[in-house]
Amino acid sequence: MSCNDTRLLLEAYSDGELGGRDVLDVERHIAECLSCAQTVKARLALREALAAADLRHRLPARSQARLRGAISGVRAPAMFPARNVTLWRQIAAAAALVGVALGGFALGRQWPRESALQLADAAVSSHVRSLIAGRPEDVLSSDHHTVKPWFTGKLDFAPEVIDLSGEGFRLSGGRLDDLAGRRVAALVYHAGAHQISLFTWPRPGIGCEGPGAAQVLRGFRVLLWSCHGMAYVAVSDASEGTLRDLARDADAALSTPR
Amino acid sequence: MGERPPRNETLPLPLPHEDLEKILVPQLPAAYDLARWLTRNHNQAEDLVQTACLRAVRFFAGYRGGSARAWLLRIVRNAFYDSLEDARRDERELSLEEETASEREPRDPSDPEIELLRRADGEVLRRALEELPAPYREIIVLREIEGLSYREIAEACGLPLGTVMSRLARARSALQELVVRTSGGRP
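Note that the protein sequences, when read in sequence, are chains B and H. Everything in the first sequence is counted per the working numbering, starting at 1 for the first residue and increasing by one. Everything in the second sequence is counted per the working numbering, starting at 259 for the first residue and increasing by one.
It should be emphasised that the hints constitute simulated quantities derived from the structure, not laboratory data. Check each hint, because a few of them may be wrong.
So the derived list for chain B, only partly shown, Cβ under 10 Å to chain H, looks like this [to be verified]:
no. : residue
1   : 27
2   : 28
3   : 30
4   : 32
5   : 35
6   : 42
7   : 43
8   : 163
9   : 164
10  : 167
11  : 177
12  : 190
13  : 192
Stretch-level coverage of chain B by chain H, calculated; a stretch enters the list once three of its residues show a Cβ under 8 Å from a Cβ in chain H [as the list claims (entries may be wrong)]:
no. : segment
14  : 139–148
15  : 210–218
16  : 234–247
For glycine and all other residues, C-beta sits at the position ideal for the given N, C-alpha and C.
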């Protein structure tokens with residue numbers, strides 16, 4: 001590894017933002033490279049000095065009160081929420097019509113139509129955010145035995161981290177996410193060049209119900225299903241068939257006693 | 259396995275106003291700190307945070323979960339850059355240009371310089387930080403003072419993660435230079 005390769009990683013390394021193999025690579029490099037080792041030492045010295053200096057500007061109590069007053073004083077313009085609700089209804093109605101036109105395939109009876117659309121929309125937003133951020137995983141591993149324990153203590157449930165490598169879905173890691181106001185586990189799989197986000201959270205009292213027709217939102221396909229008390233939402237730019245395979249294989253994996 | 263009770267399936271789009279307060283109020287100290295570092299002035303900082311809060315209320319439908327802190331800080335900094343007069347906008351443009359310019363190799367700090375850094379006193383650090391161009395100043399404040407993760411900084415500043423790293427690297431090298439120089443380490 002050359003100094004040029006390392007220079008950016010040094011920053012992430014001294015900030016503790018580097019994971020897995022990169023840490024080892026950087027440590028191996030700075031053990032041999034005096035120049036990079038000095039850079040890391042300087043960063044740590046600077047951090048120490050900044051922490052000791054306590055440079056935070058504290059919000060004066062009077063300002064805090066004034067700002068709270070300003071926030072509670074304004075009302076969100078009434079038309080905003082109202083219009084959004086109407087808009088959602090219209091989208092839902094339009095989607096229902098399209099569903100009927102395509103042969104009456106409902107979104108799946110377990111999901112109220114509107115919430116299925118909202119979930120799909122939130123899932124696409126999160127998937128896109130993860131693509132833009134360039135690092136879709138907070139825990140990087142292709143080993144489900146590594147990914148699953150990572151979620152322990154970060155969620156109030158234990159997500160199923162399903163090994164589908166035999167079916168052509170390569171696990172690359174997981175992250176925490178918020179979907180429509182609930183904290184969920186997001187698993188990242190790759191099928192060929194396509195990245196798939198699989199969101200999951202508990203949905204007790206719902207049996208296994210297979211996915212309905214995929215929704216297409218902003219060019220992404222979204223599939224929703226429930227299985228073994230968990231809800232699943234898969235988002236990708238892969239084909240609908242690929243997402244259906246994922247859903248079927250995941251269901252099969254969970255139904256097989258381990 | 260801890261099962262949580264089934265939750266309401268609807269998106270919090272028309273969120274009750276009290277919930278919005280619950281989301282915004284805990285972020286006010288961070289918002290004020292960033293605003294204060296950007297404006298370098300208490301009254302302007304308070305006004306800036308108020309402007310940002312009003313915008314946050316108005317644009318709340320655009321909030322899709324995720325870090326509420328990064329979301330509000332993003333509105334704060336956007337409001338700040340919007341408020342700059344044309345002349346001072348250079349501050350932002352120039353540094354962006356610099357970012358795409360070819361990498362200038364920073365000189366490696368020597369051991370005595372590292373010692374100077376470690377023992378730099380608060381006043382020296384504060385003045386050096388205030389001297390940095392706004393984009394450098396804000397990224398150091400977000401990371402070192404407000405403790406945001408790289409991902410939150412990326413969200414707050416609307417930058418790719420790679421740029422967060424390269425800008426942090428440049429910002430810290432610039433800050434180190436200034437601190438060493440003002441501490442009398444280098445002519």
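Return the status of the interface hint for residue 190(B): holds when the least beta-carbon distance to chain H is below 10 Å, violated otherwise. Violated, about 19 Å.
Given as covered by chain H, does the segment 210–218 of chain B meet the bar of three residues or more with CB within less than 8 Å? Coverage by chain H is violated for the segment 210–218 of chain B (0 residues, Cβ < 8 Å).
Under 10 Å is the threshold here; is the Cβ of residue 167(B) close enough to any Cβ of chain H for the hint to stand? Interface hint status for residue 167(B): violated (25 Å vs cutoff 10 Å).
Measuring from the C-beta of residue 163(B) to each C-beta in chain H, is the shortest one below 10 Å? At 19 Å from the nearest chain H Cβ, residue 163(B) fails the 10 Å test, so the hint is violated.
Would you settle whether the hint for residue 164(B) is holds or violated, based on the nearest Cβ-Cβ distance to chain H being less than 10 Å? violated, 21 Å
Under 10 Å is the threshold here; is the Cβ of residue 32(B) close enough to any Cβ of chain H for the hint to stand? With a closest approach of 15 Å, the residue 32(B) hint is violated.
Go through the hint on residue 192(B) and say holds or violated, using the shortest Cβ distance to chain H against 10 Å. Hint violated; residue 192(B) Cβ to chain H Cβ min 24 Å, cut 10 Å.
Holds or violated: is there a CB of chain H closer than 10 Å to the CB of residue 30(B)? At about 12 Å, which exceeds the 10 Å cut-off, the nearest Cβ of chain H leaves the hint on residue 30(B) violated.
Satisfaction of the residue 42(B) interface hint, Cβ to chain H closer than 10 Å: Constraint on residue 42(B) satisfied, holds at 4 Å.
Given residue 35(B) was flagged as interface, is its beta-carbon under 10 Å from a beta-carbon of chain H? holds, 5 Å
Are at least 3 residues of the segment 234–247 of chain B within less than 8 Å of chain H when you compare beta carbons? This one is violated; 0 residues, fewer than the three required, reach chain H with a Cβ under 8 Å.
Holds or violated: the hint that residue 28(B) contacts chain H, with Cβ atoms closer than 10 Å. violated, 19 Å
Taken one by one, the earlier hints fail for this structure at numbers 1, 2, 3, 4, 8, 9, 10, 12, 13, 14, 15, 16, listed in ascending order.
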